[in-house]
Structures are given as C-alpha cells and as structure tokens.
Amino acid sequence: MEKNLIIIGGGPAGLAAAKSAYDAGERDILILEREDRLGGILNQCIHNGFGLHTFKEELTGPEYAARYIKEVLDRKIEYKTGTTVLSIDKNKRVTCASESEGLMVYEAKAVILACGCRERPRGAINIAGCRAAGIFSAGTAQKLINIDGYMPGKEVVILGSGDIGLIMARRMTFQGAKVKAVVELMPYSSGLNRNIVQCLNDFDIPLMFSHTVVDIKGKGRVSSVVIAAVDEKLNPIKGTEQEIKCDTLLLSVGLLPENELSRMADVNLSPVTGGAVVDDDMMTETDGIFACGNVLHVHDLVDFVSEESEWAGARAAAYIRGEKAKGEKVAIGAEGGVRYVVPQYALRDGEENLKLRMRVGNVYKNVRLCVVCDGEEVYSKRCMIVTPGEMETVSLNEKQTRALKNCKKATVCLKAVEK
Amino acid sequence: MKEMICICCPMGCRLTVDDSDPGNIKVSGNTCPRGAKYGKDEMICPKRMVTSVVRVEGGDAAMLSVKTSDSIEKARIFDALALLKGVTVKAPVKIGDVVVADVLGTGVDFIATKDVAARAK
Amino acid sequence: MKKIVIIGAGVIGCSVARELSRYEAEIIVLERENDVACGTTKANSGVVHGGFDAKPHTYKAWFNVRGNEMFDKLSKELDFPFRRNGAYVLCFDDTKWDGLKKLYDQGIENGVKGLKVVTGDEVRQREPYVSEDVKGALWCPSSGIVSPYEMTIAYAENAAANGVKFVFEKTVDRLERDGERLKVVCMDGDVYEADAVVNAAGLYSDELNNTVASKKYKIVPRKGEYMLLDKTSGYLTSTTLFQLPTAMGKGILVVPSVHGNILLGPTAVDIEDKDCKVTTYDGLAEAFDKARITMPSLTKKTVITQFTGLRAHADAGDFVVGWAGDDLPLYNLIGIESPGLTAAPALAVQAAEDVADYTALAFNKNFDPIRKGIPCFATMTEKERAEIIKKNPLYGRIVCRCEVVTEGEIVDSINRPVGAKDLDGVKRRTRAGMGRCQSGFCSERVMEIIARERGIDMTEVTKSGKGSEIVVGRVE
Numbered sequence: 001m002e003k004n005l006i007i008i009g010g011g012p013a014g015l016a017a018a019k020s021a022y023d024a025g026e027r028d029i030l031i032l033e034r035e036d037r038l039g040g041i042l043n044q045c046i047h048n049g050f051g052l053h054t055f056k057e058e059l060t061g062p063e064y065a066a067r068y069i070k071e072v073l074d075r076k077i078e079y080k081t082g083t084t085v086l087s088i089d090k091n092k093r094v095t096c097a098s099e100s101e102g103l104m105v106y107e108a109k110a111v112i113l114a115c116g117c118r119e120r121p122r123g124a125i126n127i128a129g130c131r132a133a134g135i136f137s138a139g140t141a142q143k144l145i146n147i148d149g150y151m152p153g154k155e156v157v158i159l160g161s162g163d164i165g166l167i168m169a170r171r172m173t174f175q176g177a178k179v180k181a182v183v184e185l186m187p188y189s190s191g192l193n194r195n196i197v198q199c200l201n202d203f204d205i206p207l208m209f210s211h212t213v214v215d216i217k218g219k220g221r222v223s224s225v226v227i228a229a230v231d232e233k234l235n236p237i238k239g240t241e242q243e244i245k246c247d248t249l250l251l252s253v254g255l256l257p258e259n260e261l262s263r264m265a266d267v268n269l270s271p272v273t274g275g276a277v278v279d280d281d282m283m284t285e286t287d288g289i290f291a292c293g294n295v296l297h298v299h300d301l302v303d304f305v306s307e308e309s310e311w312a313g314a315r316a317a318a319y320i321r322g323e324k325a326k327g328e329k330v331a332i333g334a335e336g337g338v339r340y341v342v343p344q345y346a347l348r349d350g351e352e353n354l355k356l357r358m359r360v361g362n363v364y365k366n367v368r369l370c371v372v373c374d375g376e377e378v379y380s381k382r383c384m385i386v387t388p389g390e391m392e393t394v395s396l397n398e399k400q401t402r403a404l405k406n407c408k409k410a411t412v413c414l415k416a417v418e419k
Numbered sequence: 001m002k003e004m005i006c007i008c009c010p011m012g013c014r015l016t017v018d019d020s021d022p023g024n025i026k027v028s029g030n031t032c033p034r035g036a037k038y039g040k041d042e043m044i045c046p047k048r049m050v051t052s053v054v055r056v057e058g059g060d061a062a063m064l065s066v067k068t069s070d071s072i073e074k075a076r077i078f079d080a081l082a083l084l085k086g087v088t089v090k091a092p093v094k095i096g097d098v099v100v101a102d103v104l105g106t107g108v109d110f111i112a113t114k115d116v117a118a119r120a121k
Numbered sequence: 001m002k003k004i005v006i007i008g009a010g011v012i013g014c015s016v017a018r019e020l021s022r023y024e025a026e027i028i029v030l031e032r033e034n035d036v037a038c039g040t041t042k043a044n045s046g047v048v049h050g051g052f053d054a055k056p057h058t059y060k061a062w063f064n065v066r067g068n069e070m071f072d073k074l075s076k077e078l079d080f081p082f083r084r085n086g087a088y089v090l091c092f093d094d095t096k097w098d099g100l101k102k103l104y105d106q107g108i109e110n111g112v113k114g115l116k117v118v119t120g121d122e123v124r125q126r127e128p129y130v131s132e133d134v135k136g137a138l139w140c141p142s143s144g145i146v147s148p149y150e151m152t153i154a155y156a157e158n159a160a161a162n163g164v165k166f167v168f169e170k171t172v173d174r175l176e177r178d179g180e181r182l183k184v185v186c187m188d189g190d191v192y193e194a195d196a197v198v199n200a201a202g203l204y205s206d207e208l209n210n211t212v213a214s215k216k217y218k219i220v221p222r223k224g225e226y227m228l229l230d231k232t233s234g235y236l237t238s239t240t241l242f243q244l245p246t247a248m249g250k251g252i253l254v255v256p257s258v259h260g261n262i263l264l265g266p267t268a269v270d271i272e273d274k275d276c277k278v279t280t281y282d283g284l285a286e287a288f289d290k291a292r293i294t295m296p297s298l299t300k301k302t303v304i305t306q307f308t309g310l311r312a313h314a315d316a317g318d319f320v321v322g323w324a325g326d327d328l329p330l331y332n333l334i335g336i337e338s339p340g341l342t343a344a345p346a347l348a349v350q351a352a353e354d355v356a357d358y359t360a361l362a363f364n365k366n367f368d369p370i371r372k373g374i375p376c377f378a379t380m381t382e383k384e385r386a387e388i389i390k391k392n393p394l395y396g397r398i399v400c401r402c403e404v405v406t407e408g409e410i411v412d413s414i415n416r417p418v419g420a421k422d423l424d425g426v427k428r429r430t431r432a433g434m435g436r437c438q439s440g441f442c443s444e445r446v447m448e449i450i451a452r453e454r455g456i457d458m459t460e461v462t463k464s465g466k467g468s469e470i471v472v473g474r475v476e
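Sequences listed follow chains X, D and B, in order.
Residue 46 in the working numbering sits at position 46 of the first sequence; the count goes up by one each step and never skips.
Residue 75 in the working numbering sits at position 75 of the second sequence; the count goes up by one each step and never skips.
Residue 132 in the working numbering sits at position 132 of the third sequence; the count goes up by one each step and never skips.
Calculated directly from the structure, the hints in this document are not laboratory data.
Built from N, CA and C at the ideal position, the CB exists for glycine as well.
Among the hints, erroneous ones may be present.
Cβ pair distances, simulated, as ranges [what the hints assert, rightly or not]:
id	chain 1	residue 1	chain 2	residue 2	range
1	B	E77	X	N362	56 to 62 Å
2	B	D273	D	D79	44 to 50 Å
3	B	R126	X	K76	55 to 61 Å
4	B	T459	X	S100	29 to 35 Å
One chain only, chain X, in its complex shape:
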C-alpha cells in the first residue's frame, strides 16, 4: 500500500504533527499507534500542569491529549491503534502488525518518527542487590495505578528526583502508601521546583541530595534498601550507609529516546540527545524521515513537544509537495555549558524564523545564553538561572536567522554576565 505520510506514534508528538500536516494541505496521512487508544503517555499522567503554554490553562494529561485527539478526529485523519511498527527502512517502507488487520506493508513518501521515549531501567544504573519483586520504573508504577487500578506497594523509596518520580511520590501518598524518601544522586533535582514543593514538601517527604541506593534487600519481595551519600565523583562514601525498610523501590533515573526504528532506517543519531540529528525542518539525515517530540530529545513540557511536532508535520507536508528547503547545511554547535542544541543543522535557503531548543549541563546562575555566528554574537538572552532539568528555547528573528544561515560556524553557548 502507498501512503504520503506515515506518523509513527499517536501520542502528543504524533497527534500534533498529523494536525499540522493536514493543515498544511496534506490529506493522505496515517497515524500508527501501538496502544489501544490515542494519547500516548499522557493517558497515564493524570496530574494537572499541562498546557499552560499551548492552551493558557492548566489541564491534566488525559485532557491535554483529548484536545489533540479531537483535532485529529475533526480532520478525519486516518489512524490505527493496537498497531505496532515492526520495521522501517531508509526507503520509507514501513511494516506493522495488528491483531485485527494482520501484517501490513506501506510505502510512504515521508515518515515522521514520533515514538517517544522510555525510562532508564535498573540495569542501566548498576544498582547492586537482589532481584526481588517490588522494583519498578516510576512510569510502570504510574500505569499500574492510574490505568490498571493496582497498587505496586505500600512503603516506598524513590530513587531519582525527575518529575515522574516526584509526581509518583504524591500519587502513591494519595493512594495510602507511605513514601519514606526520595533519593537523588546529584546535588540538585532534575524535576521542577513546583513538583518538589507540591509533591514532596506538602507531604513532608524527605528529599536527599547526593545520595544513592547501594543495595536492595529482600527475598521474593523487596524488604529494604540501603542508601549512602556520594562524593563529588558520585561514588558512594563508605560508612554513610543507612537501611530503609520498604517493599517498593521506584526508579526515576532518566528517560531515553526510543530509537530502535530509527536505527533500522539508518538514521544518524546524536550520542548526546540519544535522538536523531535533524535539520531545521526536523528532518533526519535520512531523506524523508522526520523526527519530533521525545524520540528526538527528551522535553520537559508537553507544550514544547506539540510546538516542535506541529513544525515537523508542516515541513513533512512541504517535503511531500517537493517544497522542502535544500542547500548547504550550517552546523549549530553547543559549547560553554550548553549540552546540546536541536536542530543540529540549519539549511541555508530555509526561510522561517529559527527556533533552537537546548539543555545545559549544570546549574548556572546569572548567565547569558548566546548564539555566536563566525565569532559574532547575534543573539543574547539573560537568564537568572538555567538548570539541566529545564529545556531552554531560543527564538531567532528573521535577521538573526539569516545571520546564522549565512555563517560558516554557529554555536550556542553560555557566557557570564559582565558586572
């Protein structure tokens, strides 16, 4: 079968991309979603705090998803749920399978990867100890409670103070569990202050910075964890161990873009973001394959996922019409405290105002976020504080965009504010 545009993933990224591709004139669109309903991970994020940027109101996850699902349904965009994409190659041949329709093969003119991210598991962080039941990633626990209606445990320790971990501390507390501590390896949290206050402080849940879990005990089920302080090199300090009785350990230790399909299509991935390397049309280095949302880089707010994905959808539609910007690429580097910038490249003859999204590598106060083109500072924004937990966005105007696109070497960096 042939399709102009296949969007892999029916979460916030895929829905927004579909909507804007349609609005840009594309009609032959198919969204493939592996779960049984559209909405992606938002369906299990029942807390509020979504949509302040997009809708100027505070929605819960399912409500935010419902707004975009409505946009897609109103446009009668085709979608298939319960359908998993099995493979995709660089010629945009997509195979997928579902219970009701069997194996399906599509030849697409363009593909948008919008498959989101996954949680870093226990194994990836090398925590020693037993392999008993009761160790969950925070998202798995969230799904068990909010979607399936089962409690993963009663006495809980949470490792990692990412937003999902913080949200789950409150969620488990609401359902009658006792959250004994949230333990964070770094000297700062990667979660939002708002979540630290409203999910931990409100319920007197201790947050222990520069600590980690060094042992998990229990036969059958977890019975306790041992935590310890860490030194500057993040190694546990002997003698600081303390044992906390609990039946559950939740892990909120980071998210990784899910790029299994991208690899099959020879999409070039960035070792820093874990997502594809893209140009300012959100197109990967494999012709006609686009990426947006958390599969590209892990976002802090869903509003930015929607925004980025709408752009990707519109540009994919332009690509299908043969109107994609071409020409030489200008690399946009990240330096001086900036860990990465997306997109990694700008195309010289693209017209639109550039939007650069980035994350920093540490907490910096009173700095300037600058865009430097061939040694000349074309943009600068003063920031009271930047933290690794929050994505920064730089919106360049027409003139600044042109300066960037006409230079040889562009970088984004942090600079100290001169007194």
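Let chain X serve as the given structure and place chains D and B on it in line with the hints.
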C-alpha cells in the same frame, strides 16, 4: 515564621515568610515581586488541585481519571480523596462529567478528565 | 511399573528426565521452585565448552567432550538456540605461553578437535575489539553458546510429552531407606516411594545425599556476578573470549549470547548462602574491570542488567556421577559445576542408562525425541509473520517491544506442557521483558495475560514464585 521554596520559576528562591503580624505578612529571600506574592498566598491559604482515579464499570478502560474543578485548601486534600473511596461510575463518561459533587461543601466538584466509552458487547 | 523420582529440575534433572523417558517407567521430577531452570541453570555463561580446560581422565573432561559433540543434533531435535561460535583463550603476557601450551596439550589429550595456538594479530583479525595487549591465544572452534534455560525448558517439555510428571514447589526434606527402595520425604509431609532416585539437586545435592548415604559430600556455592549488555553492543565479539585460567576459575569472559547480547563475567567467590542471588557493588565492578582487560573499549553505557549465579562446587573437585553406595538405589549427580551445562547431555544419557539397567526398564516404544519450540515472531520473515497472524491473530499484538514478542507467544508459553506461571517464566520462554527496557513497558501487559490465562487475580501474579507478588492490592 515559615520557610518555603518559591515555585514561580526555576530559581526556586528560599523564602522566609514572617506572619507575626497577620495584617502585615513579610516575605524575604525572594528575588522578584512574584515571590513575595507567592509567599503571602501560601501563608494565608495554600490551595491545590487534587487529581486521582476511580473505577469504571462497563467501559473501555478500568479506571477513570478525575480532578477537582478548582483548587481546594491544601489541608483538606485527604478528606477530599476519602470521598473517592469505593466510588464506581458507569460508562460512558465524558470529560467534565461530575463524579462527586460539592466536595466537602466547597462548591468544587470532582470531575472526569477522560472520556470512557461503553465497552462494545 | 517401576517408579523413578528425579530431584531437581535444572538442566541436569530435566535432561535426565528426558533421557529416562526413553524407557517405560513412572518418572516424577520434584522441584522446590515453581519452574524449571531456576537455580544454577538460569544464571551462567551459556558456554558450551570445548573441553580443553578439564584435567585429563576426569569425569569433567570425559563428559565435557562427549556432551559438546551432542549439541548439534540435540539442538535440532529439541529446537533450542545453539551456535558453535568458537572460543579464544587469551594470553596477555609473553611469559605465559606455557599456560596456553599446557591447555593445548590437555585439550588434545581430552580429545578436543581443531585446537590451534594463534598470535594476537590473528585474534584481532577476527575480533577487532580485542585488546592490543593480547599476545596470543588458544583457538577452539568446537566451543559454542547456548541459552541454558531454553535448553532446559526444551528438555523438560520433551520429557513431559513423553510422560514424565513434574511437581513444582515441592521441597524434599530427606531420603529414607525402604528395603531395596527409597522413600522421598517432602517438607510438606508428602512421601514418594521410588525404585530409584536421581539426585540432581544442584547446590543441595550434597545435603540430599547426606541424609541417607554413608559417603558424605560438601558443596561450596561459588558465586559469580555478571553484566549483560544490550544487543546494540553485539558487534563487539562473535566468539567467546576467555582469559587464561587462574586457580579460582576460568577468569572473566566476554561472550556473546545466542540472542545477540554480550555477557561479561563471572566473578568467583566462595560463599555460604546457597540461596544468595544478590549482586554487589564490588563484584560488578570487578566483573567489568576485568572484562575491560580483554576489551578496553567496553563501557557501562549499554549495560541492561546484572545477575548472580551460584556454581555447585564440590570439595572433591570432579563431578560425582554414579550410585551413592550402601546398596542404595540413589544415583548421584553432585558437584556439576562448569562444564556441567556442556556435559549435561552426556551425563543424562549415562545416568539414564545406569538407572534403566539397575531397575531393568524396557524401552518406551512411543518415545518421540522431537520437541517444537514456541514459534518466534522476532526472527520470522515478513511472509511467515503474515501467515502466523492469519492463523493466530494474537501474533499481531506485540507485547514486548524491545524483543518483539507477541501475545500469541506469551499465551503459548503459559499453556504448553511445563508452562510458564509467572513473569520470569514467560521471560525465559519468550524473552518478553529481556530487552533494553527490562520489562518497563510490557510487565503490566504480561501480568494481565498471565492472570487471564491462568484464571487468577492480578494481585496473585508473581515475578518468580510465591512471595514475589508484583502488586499489593487494588486501588480503591
């Protein structure tokens, strides 16, 4: 006197709120005026939105997510949650449907935040 | 009909059960866990050893070489993954050539074929990620890799198909002499009378023997910690990489798995606790640091899990194979540590023949040596995938996205003979949850399928046996 973290921006200023004179609450430690307002509001009557789930019968999902239609006093969160215990609603449910009306006499309702269709027979 | 009781459902117990099912007898396997392959069998390197490592004229040497030769036919009959990938024993020190030479001579004496001493450059030509410090190596082309639990499950399923009965969660307390027979007394008070008992109790085989026989044994659990790397690291090596052995074992291996992961380990520490399954901070660090001697470019970035295995090291040093003495009808298989997995097929044939001989069993004319595994969606061609979904639409529902495991496979794994009962059982049979997300996405779906197929509540679904329930109650 109370210590708190301002949540208005990522700065996370550590505020000290002095309420020894209830008519003149003083906030220190803030970097900007938003912090002063936040500190005062949190001191006088902190409010929170409450979100949770209840069971659904006969729907295409097992659980229905709900929220308070407006924020309620922080001190009453657990009393409000207790009202959801044992509540089961029948599908179909639409976003905005009232699940528990007038929570604790506040005039605030628990409302559905998700559409649940009736299960196809 | 004669009654044979096999105690232990690891690779030894299950392989003996299958070989004994060639004879006409009532055969019962008693296992304390809720599944096969739950002890030493599930946590080892998965290497089918060539046989150069064991001292000549030992049971270890004899059964290793014979066992190794059986794998090609056996893996086809029983449909389990096996690959002859070859192994190098790496020498890092010009002064240690003697060590390699000694292994070579030992291998020749043991009857290992194809052994060759090669230079470091020859090693790196085949395996470019091997350290520049490697000066030379012993090449053993007959070395292979296998999935130990899939092999054991295959043995068990074939045994069951040929009439063997498996009883799980049945812990044996002791053996009692009963004239010329034996009584197997269980912890719950159940008693099984037997014309012969096969002791395949792994780490506990010493204690079992010691309850009735005058010749006593002692098993020292030797702990080994491992790290498993994601399939994206599979390019690092296709052959098994040993380091020249030390007194404590074969050193740290870097070895591919039959499914394309890379395994690092094991450490070797003698401990007391036979139930110990924990990994330690220091142990994992040691496994990793030593593996880096073989392959300096290894990083922890692609580690997806860690685990601990216990080897049943007998103080005697060699395998204990044969009748326990005192005219007891007790057949011992004690101290079956490495190369026990490799030796298992040969040990099983030997044990079955000995037991059949002793109890005068007739051949089972209906014995069927063929077992078919669960059709594996992940490795099918597009055409095969289309066909199997047409036949069974549940194959169109992908449950584990990392390993591409379908609901069809999971349902099959639960419902076939000696089927999976919980998450780990499903994982070992289908690989659901074995991938890079380590069941983050699929565990809850698999739980639902287990609950549905077994007719139990979600709160009763376990990870690995009683006491490992995954959820503690319903949200009310």
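Against the structure, the hints come out as follows:
1. B:E77 to X:N362: 56 to 62 Å: holds, 59 Å
2. B:D273 to D:D79: 44 to 50 Å: holds, 48 Å
3. B:R126 to X:K76: 55 to 61 Å: holds, 57 Å
4. B:T459 to X:S100: 29 to 35 Å: holds, 31 Å
In terms of the numbered hints stated before, the structure departs from none.
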